[in-house]
Amino acid sequence: MNELERRLDLLARRGTPRGADAVLEAANSGSDGAATPGEIDDSVSDATPPDVIPFVTAEPARRRRRPFGSLIAAAGMAAVLVVGAVAVSGLLGSGGGSNSPEGAVRQLADAVSHEDPIAAADVLAPSEVGSLEATVSNAEHRAADLRLVDSASAPLRGVDLSVDGLQLSTEPLGPDVTKVTISSGTMSARTEHQLFSQLLQRAMHGAHDESSSVDLAHLADDQPTFLVAIKQDGKWYVSAAYTVLEYVREANRGPAPDFDVPPASALGADTPDAAVQDALRALSANDFNRLFSLVAPDQIPLYAYRSSLAQAIGDSRTDFTVTQLSTSSTTNGDTANVVLHASGSTSSGPWSWDGGCLHSRDPNVDTNGDTNASTSADYAYCVSGTPSVFGGLAFFVLPIGPGRGATSTTPAPIAVVRRDGRWFVNPVGTVLGLLDGSIGKVDQRTLYATLGLSQDLPADGALTLGRPVSLAGDDSPAPRVLALHGHAGERIVGAFDVPNLASGDDIESYDGGEATVYDSDGKRVSPGALFPGQVMTLPRDGDYKVVVQVYGFAPASGTFTVWHEADAPESALHPPGLGDQQCEITDDGGSMCSSSSAVSSPFDSSSATTATSTP
Amino acid sequence: MIGRAVIEPTWGAAELDALRELYSPLRRFAAVIGRWDVDPDDLVQDAYARVLRADPSRIDDLGRYLRRTIANLATDQRRADARAAAVHRVTVVAETTDDAYPSDLADLMQVEPRVRALLFLVDVEGSPISDAADAVGMSSASARMALMRARRRLRAELNAEYSSE
Chain F
5 MNELERRLDL LARRGTPRGA DAVLEAANSG SDGAATPGEI DDSVSDATPP
55 DVIPFVTAEP ARRRRRPFGS LIAAAGMAAV LVVGAVAVSG LLGSGGGSNS
105 PEGAVRQLAD AVSHEDPIAA ADVLAPSEVG SLEATVSNAE HRAADLRLVD
155 SASAPLRGVD LSVDGLQLST EPLGPDVTKV TISSGTMSAR TEHQLFSQLL
205 QRAMHGAHDE SSSVDLAHLA DDQPTFLVAI KQDGKWYVSA AYTVLEYVRE
255 ANRGPAPDFD VPPASALGAD TPDAAVQDAL RALSANDFNR LFSLVAPDQI
305 PLYAYRSSLA QAIGDSRTDF TVTQLSTSST TNGDTANVVL HASGSTSSGP
355 WSWDGGCLHS RDPNVDTNGD TNASTSADYA YCVSGTPSVF GGLAFFVLPI
405 GPGRGATSTT PAPIAVVRRD GRWFVNPVGT VLGLLDGSIG KVDQRTLYAT
455 LGLSQDLPAD GALTLGRPVS LAGDDSPAPR VLALHGHAGE RIVGAFDVPN
505 LASGDDIESY DGGEATVYDS DGKRVSPGAL FPGQVMTLPR DGDYKVVVQV
555 YGFAPASGTF TVWHEADAPE SALHPPGLGD QQCEITDDGG SMCSSSSAVS
605 SPFDSSSATT ATSTP
Chain Y
30 MIGRAVIEPT WGAAELDALR ELYSPLRRFA AVIGRWDVDP DDLVQDAYAR
80 VLRADPSRID DLGRYLRRTI ANLATDQRRA DARAAAVHRV TVVAETTDDA
130 YPSDLADLMQ VEPRVRALLF LVDVEGSPIS DAADAVGMSS ASARMALMRA
180 RRRLRAELNA EYSSE
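So the sequences go chain by chain: F and Y.
No gaps in the numbering here: position 347 of the first sequence is 351 in this note's numbering, and each next residue is one more.
No gaps in the numbering here: position 152 of the second sequence is 181 in this note's numbering, and each next residue is one more.
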């Protein structure tokens, strides 16, 4: 066993094992709580392995309950039921709803089963989703423009959803607010890839049609599944906001909501600017009651749930002061957009918000999620609607590393609404506004990068051997595609030259980026990537594409260069610190690294000239 | 529960024994891929809790299923904590965690967790690359590339460490 293997083995043995029986018993009692150790016969779903479940799932149970963690879990569970029905919606009717709380949930389930987005949207609370129509229509048409779907009117073509065996029970929570618990039922999904767009089929190459189902009654680890319905204008609707807040309350065992809320005229702020400024001051002062009172109660009833939210927040406190604050607003009837500029300090250093980017000086966070206090740098987190190829919530927040002076070129306004003469912050409208901006900025290059199909894009330019390609000034996180005309047997090597790389970066970031070479058939050329010390032999005459991806915290400047092996600088052929080792991918898929170093290495089991080969 | 619309699958003695047999290798895998401040048994327990809700007759390879589950759980934790950390540093006083680890593991802990798990599965446990890639949710090609890069870098760092002693 060489030194690396010894250390890996040491890592694998860390901690004191509790033993199979203890862990299994704890898992068994946590899965549903009722089974005996020998036989588990209760509440077992037929969920398929996590990598094929197409739905958003709840966060796994954590040993430490963090503030807002249950909020995230609740949002996930609400999304399972809501997003499946309203992934894309054409029209929102103003005369929808149902005659009963249970009827609203059954109507939603029926809409899902029939894949009827219009019927589904009709049963969602109009006060919460009223501004969704434009965003969804925008997304539909953009998806069709980019050929992500074949038709804007049939965005779910190829996906078959079904809700079966639904049994419900109801419990009034307050006037016109009822909890509807799902005591049994399953939701199934089936994909038929041949019905997807050509683009999606290419991105899913080799994937098979899949089916999966979830037990709707037990979506969460430790509580039954429910939705909350509210009555508006005589009709019952499913409320996403009440559902999420009720999950947070249940998860934290919080007190019942206080529906005896003062009228809107007694809450909010005098002006649009005051609503935003008061909200920031309240957050800084940890005055959460005041903060909740600044959100329109008919949109998200934070004020009614303030006691349970306070319990969920617990002892956590914000850690920032506000020393400068200014806003500018544009009003249109009962709505307004407010652009905020502010600055102050935290225990780590100064912070500022320039209307779209949050700037702070913080210790690095490494890939383990740990802070690395030995270094600190200025970071910016921009919510200006720049699309990200990194998926998920990174769509909204794009971290920009040090050395790259990020400022928001497009301000991210905060939406505000007026109710009964008072102004309130509109979180849903704000998010939808950002989403609209992001959707509009998704271009073919970004989409193809997200789908892993950059090699199918036309080349952005030509790659000339020995000539550096500048990476400066490219704010897009999508990779560049460069054309290279090569010859059989030609041996090339590439390297990034990236100054001011973020310190504390993980091992894959050392080279600054990755350049992958594809032949004219779209296949990777072995060993796949160009990086220092790794010589690539082109297999045939013809055109190649080199997809150049700069890693994560992109630098403000830098270059990428490819050379003939004979013309390459020493630093590209034999990078500092790596000695003279060369690595090759072997035919059986392993890698072989060799070195002629005269010094025996703890990396190897034997000394002197060594070659390590692994399967 | 009453009125269930589906047949309830059961985990019999044989299936539970299979879970017990997998405990040790799964715990070692969890210890490598998980955060330092997370008890590997917690990851294994979470994975067991999830699989116990599944139909055992529909799981072809229990070990593969559980390794993927652990890898996904570990990834979810890291992503959520990294996103939350960015906001928490400004808005919430961060919770302190004891993340100190031994110096001889520092280089390994700098490796991306899935790549670290690949190194462990391939170099220590002798798994084929395709199986190891599947366990951490990567393609075989990406796994081969990641392994090569990690070995190059770690080899250099270990050589430097050895030379300085």
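The set of hints was computed from the structure by calculation and includes no laboratory data.
The C-beta atom is built at its ideal place from N, Cα and C for all residues, glycine as well.
Treat the hints with care, since some could be wrong.
[Stated by the list, open to error] Listed next, the stretches of chain Y that the computed footprint assigns to chain F, with coverage defined by at least 3 CB atoms under 8 Å from CB atoms of chain F:
| # | segment |
| --- | --- |
| 1 | 132 to 138 |
| 2 | 145 to 159 |
| 3 | 171 to 181 |
Now the hints, each set against the structure:
no.: 1; hint: 132 to 138; result: holds (count 5)
no.: 2; hint: 145 to 159; result: holds (count 10)
no.: 3; hint: 171 to 181; result: holds (count 9)
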